[in-house]
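Participant: Residue numbers (the working numbering), protein chains in the order written: chain U, 1 to 115; chain V, 1 to 115.
The hints are simulated quantities; they were obtained by calculation from the structure and are not laboratory data.
Treat each hint with caution, since some may be false.
Some, not all, of what chain U presents toward chain V, calculated at C-beta under 8 Å [what the hints assert, rightly or not]: (1) Leu13; (2) Glu42; (3) Leu46; (4) Ser72; (5) Phe105.
Okay, derived cross-link-like pairs now, DSSO-like style, lysine-lysine, Cα gap no bigger than 27 Å in a straight line [unchecked claim]: (6) Lys52(V) to Lys102(U); (7) Lys9(V) to Lys107(U); (8) Lys52(U) to Lys44(V); (9) Lys22(V) to Lys107(U); (10) Lys22(V) to Lys41(V); (11) Lys52(V) to Lys40(V); (12) Lys41(V) to Lys60(U); (13) Lys36(V) to Lys71(V); (14) Lys44(V) to Lys102(U); (15) Lys68(U) to Lys52(V); (16) Lys22(V) to Lys56(U); (17) Lys56(U) to Lys102(U); (18) Lys19(V) to Lys77(U); (19) Lys22(V) to Lys68(U); (20) Lys41(V) to Lys107(U).
All C-beta atoms, glycine included, are put in the ideal place defined by N, C-alpha and C.
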Amino acid sequence: GNSVTQMEGPVTLSEEAFLTINCTYTATGYPSLFWYVQYPGEGLQLLLKATKADDKGSNKGFEATYRKETTSFHLEKGSVQVSDSAVYFCALVSLGGGSNYKLTFGKGTLLTVNP
Amino acid sequence: DTAVSQTPKYLVTQMGNDKSIKCEQNLGHDTMYWYKQDSKKFLKIMFSYNNKELIINETVPNRFSPKSPDKAHLNLHINSLELGDSAVYFCASSQGGQGYNQPQHFGDGTRLSIL
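Kindly generate the complete structure, drawing on both the sequences and the hints.
Facilitator: Structure follows, in structure tokens:
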């Protein structure tokens with residue numbers, strides 16, 4: 001079945017530091033990959049996505065590149081802000097059909113950015 | 001305008017009671033979901049409906065019963081509540097079918113606490 005593994009948190013950084021959150025996946029077919037963000041007390045919001053190999057998703061200064069050869073989709077940001085403090089989820093949906101249409105999430109990584 | 005709204009936001013009740021959570025989306029999506037998020041932020045899909053038809057039914061106790069009166073609504077009824085049901089329940093929607101790699105839009109969650 002499909003699975004997503006992302007780095008354990010919590011991650012604590014100072015403002016303007018570089019951020020990487022690692023994500024690797026196992027999937028049948030040709031998955032689409034997503035990063036969702038959950039701010040405190042809120043639901044999840046789509047941060048970025050990539051639907052095929054070598055695609056780069058980007059939004060709000062965050063980037064992730066779909067690497068089929070390493071089955072990875074690492075999230076990066078060059079300079080984090082306090083407002084980026086949240087839980088980040090890597091996720092995939094496989095295009096294999098049937099029960100694979102469901103979104104499979106990683107366990108989430110809590111990011112705290114200190115001023 | 002709230003895209004995916006669920007009520008109530010907080011639900012505190014005693015073991016053994018029966019309760020319902022309601023969800024409505026005004027995005028015109030044809031697929032809706034219920035997720036359970038535990039205290040460690042782990043997200044697990046419970047159910048999914050596409051055009052009022054149940055398409056995903058994960059291993060969830062029979063005490064949980066979803067109902068979709070129309071494609072804009074997906075309610076969750078829980079019988080005989082147990083301590084282990086304490087969690088945050090999220091409703092989500094997306095445009096499914098051929099657009100299955102479309103992002104899901106989440107409500108703000110219902111925090112269920114069992115006393």
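Participant: Against this structure, judge whether each hint is valid.
Facilitator: Hints, verified against the model:
no.	hint	in the structure
1	Leu13	19 Å, violated
2	Glu42	6 Å, holds
3	Leu46	4 Å, holds
4	Ser72	18 Å, violated
5	Phe105	5 Å, holds
6	Lys52(V) to Lys102(U)	16 Å, holds
7	Lys9(V) to Lys107(U)	23 Å, holds
8	Lys52(U) to Lys44(V)	25 Å, holds
9	Lys22(V) to Lys107(U)	26 Å, holds
10	Lys22(V) to Lys41(V)	22 Å, holds
11	Lys52(V) to Lys40(V)	31 Å, violated
12	Lys41(V) to Lys60(U)	23 Å, holds
13	Lys36(V) to Lys71(V)	21 Å, holds
14	Lys44(V) to Lys102(U)	11 Å, holds
15	Lys68(U) to Lys52(V)	35 Å, violated
16	Lys22(V) to Lys56(U)	37 Å, violated
17	Lys56(U) to Lys102(U)	22 Å, holds
18	Lys19(V) to Lys77(U)	42 Å, violated
19	Lys22(V) to Lys68(U)	39 Å, violated
20	Lys41(V) to Lys107(U)	7 Å, holds
Of the numbered hints listed earlier, those contradicted by the structure are 1, 4, 11, 15, 16, 18, 19.
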